[in-house]
Structures are given as structure tokens and as C-alpha cells.
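Using the sequences plus the hints, can you model the full thing?
Chains S and B are the protein sequences, given in the same order. Using this note's numbering, you'd call the opening residue of the first sequence number 1 and step up by one each time. Using this note's numbering, you'd call the opening residue of the second sequence number 1 and step up by one each time.
No wet-lab data here; the hints were simulated from the structure. Just so you know, not all the hints are guaranteed correct.
No distinction is drawn between identical chains; accordingly, a pair holds when it is met within one copy or between any pair of copies.
Computed list of lysine to aspartate or glutamate pairs in DMTMM-like fashion (alpha-carbon distance at most 20 Å, straight line) [claimed, not checked]:
(1) 451 with 467
(2) 269 with 376
(3) 232 with 97
(4) 428 with 111
(5) 402 with 481
(6) 89 with 306
(7) 232 with 206
(8) 139 with 359
(9) 63 with 24
(10) 89 with 100
(11) 451 with 481
(12) 232 with 100
(13) 14 with 24
(14) 464 with 452
(15) 464 with 444
(16) 428 with 16
(17) 393 with 481
(18) 202 with 136
(19) 402 with 478
(20) 407 with 481
(21) 89 with 369
(22) 353 with 444
(23) 393 with 478
(24) 451 with 463
(25) 139 with 478
(26) 477 with 430
(27) 406 with 481
Residues per chain, in single letters:
Protein chains: 2
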Amino acid sequence: MDLNLTVYNSLTRKKEPFCPIHKDNVGMYVCGPTVYSNVHLGNCRTFLSFDLIYRYLLHLGFKVRYVRNITDVGHLENDADTGEDKIAKKARLEQIEPMEVVQRYTVDFHEVLRRFNMLHPNIEPMASGHIIEQIEMTKKILDKGLAYETNGSVYFNVEKYNKNANYGALSGRKIEDLISGTRDLDNQGEKKNPLDFALWKKASPEHIMRWPSPWGIGFPGWHLECSVMSSKYLGDSFDIHGGGMDLQFPHHECEIAQCYAANEVEPVKYWIHGNMLTFNGQRMSKSAGNSILPDELFSGEHKLLDQKYSPNTVRFFMLQAHYRSTLDISNEALKAAEKGVNRLIQGIQLLPKIQVGKESTIDVGKWKESCYIAMDDDFNSPILISHLFDSIKFINNILSGKAQIKKPDLDTLTTTLHELAFDVLGLKQEATPVAGNKTDDPVELLLSLRKDARKNNDFALSDKIRDGLAGIGIAIKDSKEGTTWSYEN
Amino acid sequence: MDLNLTVYNSLTRKKEPFCPIHKDNVGMYVCGPTVYSNVHLGNCRTFLSFDLIYRYLLHLGFKVRYVRNITDVGHLENDADTGEDKIAKKARLEQIEPMEVVQRYTVDFHEVLRRFNMLHPNIEPMASGHIIEQIEMTKKILDKGLAYETNGSVYFNVEKYNKNANYGALSGRKIEDLISGTRDLDNQGEKKNPLDFALWKKASPEHIMRWPSPWGIGFPGWHLECSVMSSKYLGDSFDIHGGGMDLQFPHHECEIAQCYAANEVEPVKYWIHGNMLTFNGQRMSKSAGNSILPDELFSGEHKLLDQKYSPNTVRFFMLQAHYRSTLDISNEALKAAEKGVNRLIQGIQLLPKIQVGKESTIDVGKWKESCYIAMDDDFNSPILISHLFDSIKFINNILSGKAQIKKPDLDTLTTTLHELAFDVLGLKQEATPVAGNKTDDPVELLLSLRKDARKNNDFALSDKIRDGLAGIGIAIKDSKEGTTWSYEN
Chain S
1 MDLNLTVYNS
11 LTRKKEPFCP
21 IHKDNVGMYV
31 CGPTVYSNVH
41 LGNCRTFLSF
51 DLIYRYLLHL
61 GFKVRYVRNI
71 TDVGHLENDA
81 DTGEDKIAKK
91 ARLEQIEPME
101 VVQRYTVDFH
111 EVLRRFNMLH
121 PNIEPMASGH
131 IIEQIEMTKK
141 ILDKGLAYET
151 NGSVYFNVEK
161 YNKNANYGAL
171 SGRKIEDLIS
181 GTRDLDNQGE
191 KKNPLDFALW
201 KKASPEHIMR
211 WPSPWGIGFP
221 GWHLECSVMS
231 SKYLGDSFDI
241 HGGGMDLQFP
251 HHECEIAQCY
261 AANEVEPVKY
271 WIHGNMLTFN
281 GQRMSKSAGN
291 SILPDELFSG
301 EHKLLDQKYS
311 PNTVRFFMLQ
321 AHYRSTLDIS
331 NEALKAAEKG
341 VNRLIQGIQL
351 LPKIQVGKES
361 TIDVGKWKES
371 CYIAMDDDFN
381 SPILISHLFD
391 SIKFINNILS
401 GKAQIKKPDL
411 DTLTTTLHEL
421 AFDVLGLKQE
431 ATPVAGNKTD
441 DPVELLLSLR
451 KDARKNNDFA
461 LSDKIRDGLA
471 GIGIAIKDSK
481 EGTTWSYEN
Chain B
1 MDLNLTVYNS
11 LTRKKEPFCP
21 IHKDNVGMYV
31 CGPTVYSNVH
41 LGNCRTFLSF
51 DLIYRYLLHL
61 GFKVRYVRNI
71 TDVGHLENDA
81 DTGEDKIAKK
91 ARLEQIEPME
101 VVQRYTVDFH
111 EVLRRFNMLH
121 PNIEPMASGH
131 IIEQIEMTKK
141 ILDKGLAYET
151 NGSVYFNVEK
161 YNKNANYGAL
171 SGRKIEDLIS
181 GTRDLDNQGE
191 KKNPLDFALW
201 KKASPEHIMR
211 WPSPWGIGFP
221 GWHLECSVMS
231 SKYLGDSFDI
241 HGGGMDLQFP
251 HHECEIAQCY
261 AANEVEPVKY
271 WIHGNMLTFN
281 GQRMSKSAGN
291 SILPDELFSG
301 EHKLLDQKYS
311 PNTVRFFMLQ
321 AHYRSTLDIS
331 NEALKAAEKG
341 VNRLIQGIQL
351 LPKIQVGKES
361 TIDVGKWKES
371 CYIAMDDDFN
381 SPILISHLFD
391 SIKFINNILS
401 GKAQIKKPDL
411 DTLTTTLHEL
421 AFDVLGLKQE
431 ATPVAGNKTD
441 DPVELLLSLR
451 KDARKNNDFA
461 LSDKIRDGLA
471 GIGIAIKDSK
481 EGTTWSYEN
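Encoded structure:
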């Protein structure tokens, strides 16, 4: 393939030509959700950004192995690794088994992503499914002398590792600044240095999620799972590692350290980070009361929402911003996106109505090229979308006789629009019904027209309506209570 | 609660009063799919039977912890435990990583069950997520002297176990008959007795799915995962263990042996087994060419199918048979089910049209009681459905003036019908459109009526149609190419 794709690499802080390690095969790992609560909208934006990247790589013809994990264990509540496991805490609160919490929110997560029309990753490994591998990597790092055991826990020795490596390279932090900036927190006593992080933690007696290990009963540190699962399924060095920008430090920094310590190779060629989502200009948070769940957007049931917005609208809205830009969500912006996505999809639906002309007054080849230039420039979906709208203007001009198009150009336009709008942007082909509209209403309207016709003794019309409905499989039944209808058996 | 539920227990071969171990809490474990191919229809029937049981237990007010596993590793191809791992084999065939196979078919499985409107279990553990626990249970059985290691594999010693227990009790087999009936297969040399089964298998060098263990690199035997995951999440003794009838031997027999050997208590109070599904009277199989996938039923794309059938129709069809009876699927039976489910749902939809009378000419209380007697009799859904149809007759008689009903009875009828049809049977509230019918058609019919009206200069009618459509959110646009419509922005 003739590849012009460039990708912004967080590690080098510049755009680089995309050149996968194994030619046409791409390995991509994205940090997935911690399933102890409903997936929030900011996470959805991150997953959507990587859905776009995955779809575009597939569209370009790459064979992609896309791995996105489920964190179902070991996500500690603060960076000092001293908090309790978030999943176990939620379980105690609700008096249920931690794996019930995991199941509830994994189901929610999958359902939300399904509604957003996101493709499934090729592998979706769970942290709890890779405890042995995490123990093995911990052993490997211990063997290299870059970790130490204290009181049943094992910590990564950041200072020692840093002698032959560069801890902080990804996030642009210097280890001296990090050390001086670390507060003294509980349990730090076990660590040689506050920067050190847990590879394995001893389980306190009340800790429910626990496994035997060479260091006693415990559970893996949060950072470890991604190092283990990415290298298990993609190899010690792979192409793309993605995640939200908030994961850059410490999570991704620790991942690099663990992988490099264990395998002595740079684990990731391109680090890609998605940016944040705000609501009405503010960071979304439960405490500020402006945290909106995807389901609340889809149902409109939230005090800050004027109406409901379809998953397709929200998807389009998010793709209207570049994945590395912050994005602010508001009713106004969502309503504009609803109009926009419908204009785009309805425009595409007009294509079959076009009658070809003898020549083309528009340059379809150049238009198509500009679309690919946009996506090749670090997946610039907003620019792509603006080009797609240009094509809708073409279509309207052709239909109103102000422009014309010949057959091969119409074919190119049709194919390109379908591929880019539906395969790459992942929009659904149906325009969004406006809020409050019911599918059944046209039938009720027909019944009311028929009622009026009967009142006016216009039986020709009333019969025409009844027969027309029968023709589309709808039977009507008149009784003293009125007219009811049903799909015919 | 006033509980009259009786359950057929495969272990005792009789119906028994249902009396859970921990009062209002029920623990239920069901053997889930092996995710190396698309879920087949017979499996769906099994899962649907337990969905009915789960829903009815919830409806009765029980707090149910429903665990259904995903077998993503270690399902050997023949009972002698000598075949290769089915998932690893599929992976080599398709040149992908085993966990990609697992993901593809787990996604398919979840999507099919979603379309069937099945509830999610509370925990859905994967075998690969419980390797450590499987190693621990193997150690425990070794410690009790009921297993032995040979050449890196560990086998369960059936004959020794049987001295103090009753191997074969569930399936009604005698150990002497089993021994004399066992063929001599490859690798049996490692076993002391052909009846012995693997708890842990040494991995051959080419075996991809492998973990370290005290006996070397290997993988768990298939039977072990269910013993481990059921006891981990439900305790050493729990209420219900379910699965397809084909799993009774050897799988469930081995499960009992493993649990009893390790924990020295009877693991399961009620064993429930679902019966088989045939097609046109024959066992479904790929080689016979009569194996139909759920998606093929839903799309109608299979040479043996006359039309497509909605998930709701197929669900209703399956519930029309008792879970312990064999069920034969055919076009005729599915078409009858399509009519039946629509008659039922449309009948329920007529309830709001009923005008209450001064007395009731029908005994709603007795009718309701008969519905619960049916379900209390080992979840007899076909009898329940026949009672629901009786109520549809009542409703039609009331609407045609042949019967009457007073307010409290109408309330009971309405509540009971909704609860039993939608909560317990899990039917969806929408009648199934007949094949080939499109949602948009009523709008096209309106547009054609409007076109005729304009041709006849009946602008009053054409305007009425346009305004009516606008009233339900549909904008129409006339152009020289004809009239198009869209949902308004």
C-alpha cells in the first residue's frame, strides 16, 4: 500500500511516519476500563478515538491485532499504592462478591460501546485472568535486581532502574523533581523510595481478591497487568499503545519501566494519548454534579440536558474534534451535531437519485485525495468531516441542476462517502429520529385520515388506505371502541 | 414467601420441593459455552431454559447469584482427555492467537443471547481466569490421596475415590460397567485406570495455551474449571447446578467427584438438566447439513428455512416446550409460534381498551393461581402459556361484549399478564413485523396518497397529510425527482 500516514507520538512529542514493526501487521494495545462503576463519557471518548484509529488502519488494509484490557482487579485508589482495591471496596459497600461488581459494569461497558457502534477489540483480556503471568513478570524483574520484596510485597526500584534507563521520558518528568515532589504517605515505610511502585501487594486479612504467590497471599499492582497482557498478546515490542492522557503518568511510565526491566527492549513504538472531555467548560465530576453518563445522554434524563441525543449524534459530535484536542460538550453543540449528522446521512441517501451527466463540473479525485490527506494527518476526523460536508453540497448542486457528474466520478463519490462515513467514522446509516417521534405514528396518522374519510363518506379513500396498509402487512380492525391495527400473521 | 415450587432433581430422579440452603438466597451454576465456534441453537435452548428458571426465581423474590462460566481453555476433544485443546486447534487453523478465537466467539455468544432477551448471569467467570484456583484444587485432591501425578500430568483416581463415594450416581452408571466399557485409547498408558480423568495435563511443546504449575508447564483438565468456579463463587455446597443433558456424563459426574474429593461435602442440592433440540426430527449436526445457527434463523438465510424468524418468535417457540422434553424445530412449528407470540402480545396490548364492568364474569383469581401452579411444577412454561392464551380469549370476549370484568380483576389480569409474559417468560413487548415489512412503509404510503391527492387537485387532503407528517416530526421535500422525506432536525 502507498502509505502516507503520520502519527503523533507522545514519546517523541512529534508527528512521525507510521511504519509498523512487522510490515502489514499492526499490534495495538489500549488501556481499557476499570469495571467498578459505569463507564463515563470521557472514557467513551478515549475508546472512540481508538475505534477511529482501528477502523482507519483496517480501512488502509492493515491486519490489526487490537487488544484492550478489562481491569477487574488491583486498581488501587491512589498512586502511592496504599489505598484499597476499588473493586473490593465497592463489593463491600454493596454486599456482593467483587466479581459481581465486575460483571455488572463489564456488561454496562459493552452495552454502551455497542450503542456507540464501536468495533470489538480482537482480544479483551482481564487482569484476573493473568495473575500467573503477573507473578512471572514480577519474578523476572526481581531476578534482574530491579525490584525488592518487603513484608510480602514486591516493589519496583525506580532509582536503580533509572541508572540505565530513563524513567519519566514519556511524561517529560525528571526523576529528581519527582522524588522531591512526593509526599510522605501511609505504608511508604515499606518502600526504599517514595517513587517505587508495587508489583505485588500483600493482601490484608479482609482483602477479598487474593491469590497465592511466592511472596505469600496477595494481588498484583495495577500497573503490572498492562505490561503483562500487552507483551503476552503483542510481543515484547509492538506498534501502538494508547490510552487517555491522564494515564501517561504514572501508569504508562511504570508500564515502560516494567517492560524494559523485564525484557530489555523498548516496548512501544508509538504512544498515542486521547484528550479530555469537559461539560459546559468544566471538568466532569460526580461531586460537581455535572457528570453525565452515556445512558443519560441517550435517554435525555439528566437535569443539565435539554433533550435526548442518539449514540450516532454523540459519536459524530466527538469525531468533530481531533482526538488530541480537548472537547467541550453542551446542549448547543450536541444539537448542532444532531443536525450535522442527519444532513450528512440524508445527503448520502440522496446519491441514488443522481442522474449522471456527460461531464463532471467538480473534481471528485481531488476531493477524495483531500479526505485521505486529512485522515493521514494523525487521524484528523474534523477535517475529514468538513470535506464530507463539501460533498453533500456537490450532491445538492447536482440534484438542483447547478452541477453535473459523470458515471465514474459518481461511483467514486458514492464508494468514498460510504467507506469514510460508515466504515471509517463508524456512523450508522440511519438518520436520527427527532426526540419524541414514535415509529408507529405514521400508521396512526393513516388511521386518522381514514377515520376522517369515513366521516366524509369518502369510502374510496378509506378503502385505499386500508388496502394500502394491508399491502405493507398491517391489518386494521374496526370495533365500537375504535380502530386498532396490527402486523398481520 | 409462600413457596410451592417443586424442581425435578436429576440426582434423585424425582421432583422435590425447592428449599434453598440459605433461605431466600439461591446459588445457581450453569455450564456455559466453549467459545471455539458460534453458539449453536441447542446450547441456546439450554441457556434459555435457565434464563426462565432464573427469571422465575427472581420473580418469586429470591436473591439469586447466577454464575455461568465461559470455557476458554482446556476443553479436550474426547473424553479420554487425549485430544488437543479445541481452542488451540482452531487458532492454528486460522493462524490467530487462541484468545482471538475466544474473543470472537464470546462476542458472538453474548450478542446472540442479547437478541434472545436473556438476562446476564451475575458472574461470568472464564476458565483462563482461574488457573491458580485449579492448581490449588488439584493440590488439595492430591493431598487427599485421590489423584496421582504421571509424567507432568495429574489424574483423578476414580476407583480409589469410589471406595468411599458413589461415582456414577448422577448419571445412573455403575463403575464396573464403565470400566468394562472403556476402549483403550492413546495415552491411556499414563493412567492407572481408563476411567481416570485429567486434573492437569502436561503441555506438549506446540501447545500454545500453557501455564507453569508444580507439575511443570501444562493446562487444566476440562472438568476441573466448573468445580473450581462454582465453589469459589457459590461455596462448597450450593443450590442448583444446571447444564445440557449431554453434560451429565462424564462432565457433571467428574465435577461431583472433584468437589467431593476436595471438600468432603455434596456440592449440589438440585441438579437440573435441559433436553435436546432436533430439526425436522433429526439431531442437528454440521455433517448432516441441518445445523442452523441462531443468526441464520433471525436472517432466514439457510436453505432449510422458508423465512426469517425473530428472536422473540424463537424464544416463544422454545418456551412452548418444557425444558426436560425434547423439542423439534421446523418451519411449520416456527410459523405457528410467530402467530402465537403475536396473538399473545397483541392481546396484552388490548388491555388498556377494556372498559370495566360492574362484575366479573370470569374468575381472574383462579386463572392467576393456575398460572403459578404451572410454573411451580418444575417451571412448566408450556402449561403457563396455555393459561395466558385463555386470558387472551377473556380479553377478546370482554371487548366484544360477551364477558365483563370489574376494576380490581382487570388490575390483577393486567399485572399478572405483564409479569408472566415479559418478566418471567422474557418476551419482548413488540409484536414481530412480518417478514419483508419495512418501518418506513407507512410513510411511503402516506406520500403516495398525497401524490394521488395532488393529482386529483385535492389540496385539502395533500396539505393535511403534509401537516400530519410534520406533526410527527417528518419533513417532506418535493423536487422534480419526486418527493423525499426525512426526520426533521
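For each hint, the structure was consulted:
1. 451 with 467: The answer is both: 14 Å in one copy and 17 Å across copies each meet 20 Å.
2. 269 with 376: Close inside one copy (18 Å), not across copies (61 Å); limit 20 Å.
3. 232 with 97: between (28 Å within a copy, 10 Å between copies)
4. 428 with 111: The answer is both: 16 Å in one copy and 18 Å across copies each meet 20 Å.
5. 402 with 481: between (54 Å within a copy, 14 Å between copies)
6. 89 with 306: Close neither inside one copy (35 Å) nor across copies (54 Å); limit 20 Å.
7. 232 with 206: Between copies only: 16 Å across, 31 Å inside.
8. 139 with 359: neither (70 Å within a copy, 79 Å between copies)
9. 63 with 24: within (6 Å within a copy, 52 Å between copies)
10. 89 with 100: This pair counts as within: shortest intra-copy Cα distance 12 Å, inter-copy 32 Å.
11. 451 with 481: For residue 451 and residue 481, the Cα distance is within 20 Å only inside one copy (13 Å; across copies 31 Å).
12. 232 with 100: Intra 27 Å, inter 12 Å, cutoff 20 Å: inter-copy only.
13. 14 with 24: neither (23 Å within a copy, 61 Å between copies)
14. 464 with 452: both (13 Å within a copy, 11 Å between copies)
15. 464 with 444: both (15 Å within a copy, 14 Å between copies)
16. 428 with 16: Classified as neither; 32 Å inside a copy, 52 Å across copies.
17. 393 with 481: between (50 Å within a copy, 17 Å between copies)
18. 202 with 136: both (16 Å within a copy, 19 Å between copies)
19. 402 with 478: between (50 Å within a copy, 17 Å between copies)
20. 407 with 481: This pair counts as between: shortest inter-copy Cα distance 18 Å, intra-copy 56 Å.
21. 89 with 369: neither (53 Å within a copy, 44 Å between copies)
22. 353 with 444: between (29 Å within a copy, 16 Å between copies)
23. 393 with 478: Only across copies: residue 393 and residue 478 sit 18 Å apart there, 47 Å inside one copy, limit 20 Å.
24. 451 with 463: both (11 Å within a copy, 17 Å between copies)
25. 139 with 478: Answer is neither: 78 Å inside a copy and 73 Å across each miss the 20 Å cutoff.
26. 477 with 430: Only across copies: residue 477 and residue 430 sit 18 Å apart there, 31 Å inside one copy, limit 20 Å.
27. 406 with 481: For residue 406 and residue 481, only the inter-copy Cα distance (18 Å) is at most 20 Å; the intra-copy one is 57 Å.
This entry does not satisfy hints 6, 8, 13, 16, 21 and 25, going by the numbered hints stated previously.
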